[in-house]
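In terms of my numbering, the sequence shown has 222 at position 222, counting the first letter as 1, and numbering is strictly consecutive.
Hints in this document: simulated from the structure, not taken from any laboratory. Glycine included, each C-beta is placed from N, C-alpha and C at the ideal position. Keep in mind that the hints are not guaranteed to be accurate.
Each computed PhoX-like pair below joins lysine-lysine, with the alpha-carbon atoms no more than 20 Å apart [as the list claims (entries may be wrong)]:
1. Lys-98 x Lys-110
2. Lys-63 x Lys-52
3. Lys-188 x Lys-98
4. Lys-188 x Lys-101
With beta-carbon atoms standing in for the labels, derived distance ranges [unchecked claim]:
5. Arg-104 x Glu-294: 44 to 54 Å
6. Asp-215 x Lys-117: 38 to 48 Å
7. Pro-231 x Leu-88: 18 to 28 Å
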Amino acid sequence: MENWEWEFDSTNPGCPKRKVEWNQDPAPGVSIQPGKSREWGSPEGVSSPQAKLANTESSLREKAKDFGTVRRSYESIARHNEAESSRLERQVRWEFEKLHKFLREEARRKQELIQGKTEQLAEESRSLLQEAGQLQVDLKEGDCTFLMAHKNRKRRIACTAEEPEAVPSGMLLDVAKYLGSLQYNVWKKMLDTITAVPFSLDPNSAAGWLEVSEDLSSVTNRSYKLSVENPERFTSAPCILGSRGFSEGFHTWEADLGGLTNWRECRASNAARSEAAPGKLRRVRVEPDCAEGELSSYDADLRSHVYTFHEKFGGILFPCFYVGGPQGTPRPGTLRICPLRVRIHEDIPD
Numbered sequence: 001m002e003n004w005e006w007e008f009d010s011t012n013p014g015c016p017k018r019k020v021e022w023n024q025d026p027a028p029g030v031s032i033q034p035g036k037s038r039e040w041g042s043p044e045g046v047s048s049p050q051a052k053l054a055n056t057e058s059s060l061r062e063k064a065k066d067f068g069t070v071r072r073s074y075e076s077i078a079r080h081n082e083a084e085s086s087r088l089e090r091q092v093r094w095e096f097e098k099l100h101k102f103l104r105e106e107a108r109r110k111q112e113l114i115q116g117k118t119e120q121l122a123e124e125s126r127s128l129l130q131e132a133g134q135l136q137v138d139l140k141e142g143d144c145t146f147l148m149a150h151k152n153r154k155r156r157i158a159c160t161a162e163e164p165e166a167v168p169s170g171m172l173l174d175v176a177k178y179l180g181s182l183q184y185n186v187w188k189k190m191l192d193t194i195t196a197v198p199f200s201l202d203p204n205s206a207a208g209w210l211e212v213s214e215d216l217s218s219v220t221n222r223s224y225k226l227s228v229e230n231p232e233r234f235t236s237a238p239c240i241l242g243s244r245g246f247s248e249g250f251h252t253w254e255a256d257l258g259g260l261t262n263w264r265e266c267r268a269s270n271a272a273r274s275e276a277a278p279g280k281l282r283r284v285r286v287e288p289d290c291a292e293g294e295l296s297s298y299d300a301d302l303r304s305h306v307y308t309f310h311e312k313f314g315g316i317l318f319p320c321f322y323v324g325g326p327q328g329t330p331r332p333g334t335l336r337i338c339p340l341r342v343r344i345h346e347d348i349p350d
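Given the sequences, and given the hints that come with them, work out the whole structure.
Following this line, the structure appears as structure tokens:
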């Protein structure tokens, strides 16, 4: 009789380490030694059906968790988009309200002018009627009394007998001014109130530390706030992208650092800062030249060159800003995209 045993360890939790003893007879029958408990398992490299099912169950549960995570991300994005839609609707309504304000102000000025003229004419009309009534009374007086008061009467009549001022031009609302090239003409009148920037900041890419202004032109590093997860958002550094990308030509913009000392000038997702950059830089001008493969920065106040990166840019170049937290100051600094100087050039097309 030949006695032998197997001992193996399965990686499946449903198939732990087991010890099995066999007692094999040379005869055709097989008997197991009595009095010993036996557990059955599979040799190394062989999986039982139960183990396979357990693995499949575990895999399906993990996949279900992944699907649930993605589903919750979509639900979060849907809530975020709904809130953003309401905010944008309010913003657009406010912008149009500024346009309406011009028309209301014009109507108010016209109305005040007309009301003033109407009150003046009514007062002069009452004065004339009063004088006419007095003359009617004077005509009933005796000749002597009439002649004695005639000199004063002539002077009084001369002061009230002036012709009424004709209605001046421009009293009607200028319909052509408001309806002829409406948007363009109103836009020209609003140039003093319009702030135009070369590009807006993209709030969908802002890391959780960053707070973007309502007009999307400035950003501040504050305490971390949980944001909607999306592929565009920075998660490991306080960075934000510009909303506009460049793939050709020469471009320029300026950024007011607002007292920031912990900042970086970035290209796409690769941050870089010149070691020679002055520490007290207040406003930086950035000039990417896509054709030449250059990205230059300047001190906009001193008009001095800071640094130039030389690299052929592939694809679209997006402005990227690293906005560090406050260092030694209680108030965080704000990075702001400087507005453009807007000029209008009108010309007849060829």
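Hints, verified against the model:
Restraint check for Lys-98 and Lys-110: the C-alpha separation of about 19 Å stays at or below 20 Å, so the hint holds. Annotation: proposed proximity of Lys-63 to Lys-52 holds, straight-line Cα distance about 16 Å (limit 20 Å). Of the pairs offered as hints, the one joining Lys-188 and Lys-98 holds, with about 13 Å between alpha carbons and a cut-off of 20 Å not exceeded. Annotation: proposed proximity of Lys-188 to Lys-101 holds, straight-line Cα distance about 15 Å (limit 20 Å).
Between Arg-104 and Glu-294 the beta carbons are some 50 Å apart, a value that agrees with the proposed interval 44 to 54 Å. The given range of 38 to 48 Å is respected by Asp-215 and Lys-117, whose C-beta atoms sit roughly 42 Å from each other. Look at Pro-231 against Leu-88: about 21 Å separates their beta carbons, and that is inside 18 to 28 Å.
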